[in-house]
Amino acid sequence: MSTIVIGLSMGMLLFLLAAGLTLIFGMLRVINFAHGSLYMLGAYLSFQMVNLTGSFWVGLAVAPMIAAIVGALMERIALRPVYDRDHVYQLLLTFGFILVLDEAVRIIWGLEYKQMYPPELFSGAIEMFGSSVPSYRLFIIGFGAAISAALFFMLDRSRYGMIIRAASGDPEMARTLGINVSLVRTGVFSFGAGLAALGGAAAGPLFPIELGMGFNIIIDSFIVVIIGGLGNIRGAVMAALLIGMTRALGYSYAPSWVDFLTFILLIGTLILRPEGLFSRKGRTA
Amino acid sequence: MNSTAEAKHVLRCEDIEVSYGAFKAVTNVTYKFKPGLLYGLIGPNGAGKTTLMNALSGRARISKGRVFLNDQEITKQSPHARTWAGLGRSFQITQIFAEMTVFENLRLAAQAHRFRLQPFWRPVGKFKEIANDAEKVLSEIGLESFGHVNAGSLSHGDQRALEIGLALLSEPKVLLLDEPLAGVGHDVGEKAVELIRRVSQGRTVLLIEHNMDVVMEISDEIIVMLAGEILASGNAETIKQDPRVRTAYLGEDE
Amino acid sequence: MNSQRLMALLVAIIISAPLLLPDGQGIGLVNAILIWSIFVIGFDLVFGVAGMLSFGHAAFFGVGAYTLSLLTMRMGWEFIPSLGAAGVVGGALALVFSYFAIRVSGLFFALLTLALSQLIYIMAGTKLRMLTGGVDGIAGVPRPDLFGIDFYDDGNYYFFLLALFILALLISGLIRISPLGQALKAIKSNEVRAEQIGFNVQRLRRSVFTISGVFAGVSGGLLASLIFYVGPQMLHWTTSGDVVIMVLLGGMGTLFGPILGVAIFEFMREWLSTQTSHWYGILGLIFIICTIGMPKGIAGLITQLWDRIMPGGKS
Amino acid sequence: MNIVKSTILGAACAALIGGAGAFPAYADEPEAFKIGAVLPFSGPYGIIGKGMKQGAQLAIEMRGGKVLGKPVEVTWEDSETKPQPAVQKATRLISSGAQMIFGAASSASTAALQGITEQRKIPLLVTISADDKITRANGYHYTFRTSNTLGMEIRMAMEYTKAAGLKKIYAVGADYAVTRDGLEAYSAAAKEAGIEIIGVDFAPLGNRDYSVIIDKIAKTDADGVVLIVTGSDGVTFLKQAGQAGLGKTKTLFGPVLQDEVLAAAVGPDAVGAASGVRYHYSVDNPANKAFVEAYRAKFNEWPDSFAGEAFDGMSWFLDIVDGTGSWDREKWVTAFEGSVRENSVEGRKEMRACDHQALQVGLWGVVEKGEAPYPDLRMKITNIFQPEALFPECAE
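Chains as they are written, first to last, in our numbering: chain X, 1 to 285; chain V, 1 to 254; chain E, 1 to 315; chain L, 1 to 396.
Same shape as in the complex, but just chain X (with noise of 0.2 Å):
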């Protein structure tokens, strides 16, 4: 039982990571491989915080919003000019931005590792199912919940969700309807360069924040983007649910197969159903 709690926790997280990556996806149809240095700085800024406030919570907050500024800054100053040229080229782009944000995050914060704790609140263990789970586990869980409930909640019923839906589907057609498309744009990217952000800050209490950290983590929130299908929230959250799962009874049984369990998950998803295991659509030519 125990190991579901964690399985949750971890999924998650994942969640938190894979969403703004999706939803860049979706909206501007750009691969940010950037988006793990993102959740790094996120963790940094975040670590920043708490050192300047002493409140884990100043930093949650505040940290996804200077990452959103950075991303807000990426898309206007390097991704807008390239939008009519072949994906790619916004791929490589985003490559460009890791080598910039980590060497951005290297000047600032030094080469070594920082570390942050759990809130007070959520500091101790609690006793469940014969085990201790770290209660910062837990507040993850509803944390995610919490902000995926609040992602479909604007996606689908708020007008942004109409006008970011309409902007993505049609661009000409919002831009007659009078929708300025291009700082729908401005706004998702940083959007999702946010949640990044807020994925690195509620990790840093479990993780530790060092350079290197965004670089593992870009290829976990590819799975889940890719086995939900790219820019897909609902199904982001299913995959990663599933993902954590796996990873969580793949440690209590076979700890050594877990990355080659997920990526067996990930290469039949693609075989399989490309357009992602939680897609609704049908596949069409």
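Source of the hints: derived by calculation from the structure; they are not laboratory data.
Computed from a predicted model, the values in this text were never measured in an experiment.
No residue lacks a Cβ here, since even glycine has one placed at the ideal position from N, Cα and C.
A hint or two may mislead.
With the C-beta cut set under 7 Å, the calculated list includes, among others, these residues of chain E facing chain X [what the hints assert, rightly or not]: (1) 9; (2) 26; (3) 53; (4) 108; (5) 111; (6) 115; (7) 122; (8) 151; (9) 152; (10) 285; (11) 288; (12) 291; (13) 292.
Following the hints, position chains V, E and L against chain X.
Chains V, E and L alone, transformed into the frame defined by chain X:
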């Protein structure tokens, strides 16, 4: 050896159906195409004309039924295999190699037809036979003077002519033309009609066209589709008289 | 085509640098450039000519390196047959990949090849460690032993690599202008039309993917012998990323552009890194600026400059 | 379509130019003692490169910046923690006259460097990479390692297990060859000592989440957990173990689990974790005191183990070179073999001739809270194991 069969029907559809999920874009289509005739395919938008053409050329998956080309079943074959079997087509939205010259476009079609495995040990220019094929078609479609022009910079009408030329190079027995006159100006249109007439000599042509005057004028037989099914077929006079066609058209259009 | 010639000249100057400079300076750098060039020459057939963005070529590169290392070190094979085998194995793996990956196109193709090559990376690092030496790799990969020449001397090895490089360049140049190359360009230009005029698109894609796998395998084997070492790092997705960057930087779809891309990338790595420890960030900035400002890479820039200097000298 | 022609043209051009060029012989009268340092300065391993550079710099400075009467010139190159750049840069350093190569950090890069240094007959000084294969009997003639091997660290872990009276051990390793071998050796020794291994898990290298494994371990009656993981993997484990309270019931230890850099990344949850220590500034001998003082004066921080090991190896090597009074590199190699350094910063070290591995004491410590001027979390050296228990006969 199959000349007798060929004499009867060159293309045969047996109860074919194309569906996207629950939606049936084409259904219950059974039809036999005779060699050497020009068929006009008409019907209101969304009637399934292009889908039928896609099903015949292999771009849309046939969910039920069978298609035969010269008595050889092609239902499951991929588009290139159908081209090899003698089926050429043009598209509603012009599909050409825009950044290559007109001659290169045609030469590609020629080499696709000549070689099953594309040679890689000699420059393409050394293969004289494909250049000759391309030159021949170049003049057939009346673009002799545009051989070295980038295909993308041709006028719309010339692009449509080039598309027909590309299809011709595979020496098709059946040619599917999806609205070759759409968007073509009136004066150029006459040239295009002339081209269609010319290429239909000795082969079966299936033509989707919205201009009723043209269709009625050049078709040997007309097929009317509505809601994915064949509503009626026959020569121009029969179709004009058919009450079902009249209601369908008048109900749709006005 | 005059700018083509100018680029050929530039490439010639770069690869003959060790002969021009005193003390054979830069020979290590040029050797690496030659090897990576063989890789990108093949990769660009897939990426620049056929228009398939593959993020899986690190797998063929790395597998070629392991093949050469294992055959020479464990099986006692001669170098040349081992190098041939590296190409064959690289090509074979590419063929296997293509059966999975060519069913999907565009970004899915990129992601699927990425995933497949990461799987190979994980396998090499953990499960196949008996064969691959795991994360630490295998040190002591040999160089050829031919005609009594000491190829352990980088100056001599340079000529060996140069010969292979020119061979690769010729093969790739010929493929580009052969019917096969034209057919691939047609697929890139308009897949629907290419299929409809009778090209077997899947098979053509598979064959070019396989050919580029051979190039990658050979160059992987050569890199292992150049640095006397093979490790799973060569299989990592960032290696594939580097190659994409090199090709785009140089100019995709051109014969010499990608080679210039390699030269610049490797030169940056060598020179910029001695100037500042922040060189990675600077490299990133350069990439961003180049991508925005030079959509056709160095090759495009050269063509543009050439047309300006020599107006009317167009094709 | 002149591509083929252009190619031939280019090739001909290259050949022509090639024919005109020649290879002038390298003039062999060095103006300076050139050291080529290939260390990771970019990427996540940058911290190791930084410490090693500072340590080596100080070693050169403290001897007046001279060897064999000539100034020492070090060229610092970034290995990016990748073998290819490491080798490429070492090649260039050697061709521009480097007398020795210093580096690299990761065992993979070091192994790659060994190929080139053997080939060029240039001494390679290793002060951090721990893979046992780097120094093996009758292996690499030009490689010398003055720092620890993983093998000796695992033996230290075993010695510690016995000394701490732990009876039931759960083992967690990163999934790669060296750690698997290490854990095998540990298990064999445990069997002999009557210590029970009640569970073994290998997690992927660069593992992101240990919580399930931690939960599994918490439910066993193990009294100790041996962690054969390094760097950020160890940090991740200890952070997550701390949140689950694993350290309250079980002793967490490992051969290279913690140092002060890593402990700072874990935070208070690191307290109590025990680990092998490569070098420590608290080691009480005159050489170390002098070094620590000079280091703090120059860099205003405590030397980490990367700096200490680099300082020690570099000073030792340069002393040997100076002692030969010769520029003949073969003489240096011969002189280094079997040499004894009584006054190293870690005590007595002896360079074993058969495999070029320095025999030395093993330091073992535990993380505790520190007070100024020390870092918040510091290693307290608890055990010093003698070389006899740590190094097997030179026979592998």
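Checking hints one by one. Is residue 285(E) an interface residue toward chain X, by the C-beta closer than 7 Å rule?
holds, 6 Å
Does the nearest C-beta of chain X fall within a distance shorter than 7 Å of the C-beta of residue 108(E)?
holds, 5 Å
Quick check on the hint: residue 26(E) CB to chain X CB, less than 7 Å?
For residue 26(E), the interface hint is violated, since the closest Cβ of chain X sits about 25 Å away, which is over 7 Å.
With a cut-off of 7 Å on the beta carbons, see whether residue 151(E) makes it to chain X.
violated, 35 Å
Under 7 Å is the threshold here; is the Cβ of residue 152(E) close enough to any Cβ of chain X for the hint to stand?
Check failed: Cβ of residue 152(E) comes no nearer than 35 Å to chain X, outside 7 Å.
Residue 122(E) as chain X interface residue, shortest Cβ-Cβ below 7 Å
This hint holds: residue 122(E) lies near chain X, its Cβ roughly 5 Å from the closest one there, short of 7 Å.
Hinted contact residue 288(E) with chain X - closest CB pair below 7 Å
Holds, because the Cβ-Cβ distance from residue 288(E) to chain X comes to roughly 4 Å (cut-off 7 Å).
Please verify that hint: residue 115(E), Cβ, nearest Cβ of chain X, below 7 Å or not.
Check passed: Cβ of residue 115(E) comes within 5 Å of chain X, closer than 7 Å.
Would you settle whether the hint for residue 111(E) is holds or violated, based on the nearest Cβ-Cβ distance to chain X being less than 7 Å?
holds, 6 Å
Would the stated hint for residue 291(E) survive a check requiring a Cβ distance to chain X of less than 7 Å?
With a closest approach of 5 Å, the residue 291(E) hint holds.
Given residue 292(E) as an interface hint, is its Cβ closer than 7 Å to any Cβ of chain X?
At 5 Å from the nearest chain X Cβ, residue 292(E) passes the 7 Å test, so the hint holds.
Hey, does the residue 9(E) contact hint survive, CB to chain X under 7 Å?
violated, 27 Å
Checked against the numbered hints given earlier, the structure breaks hints 1, 2, 8, 9 and satisfies all the rest.
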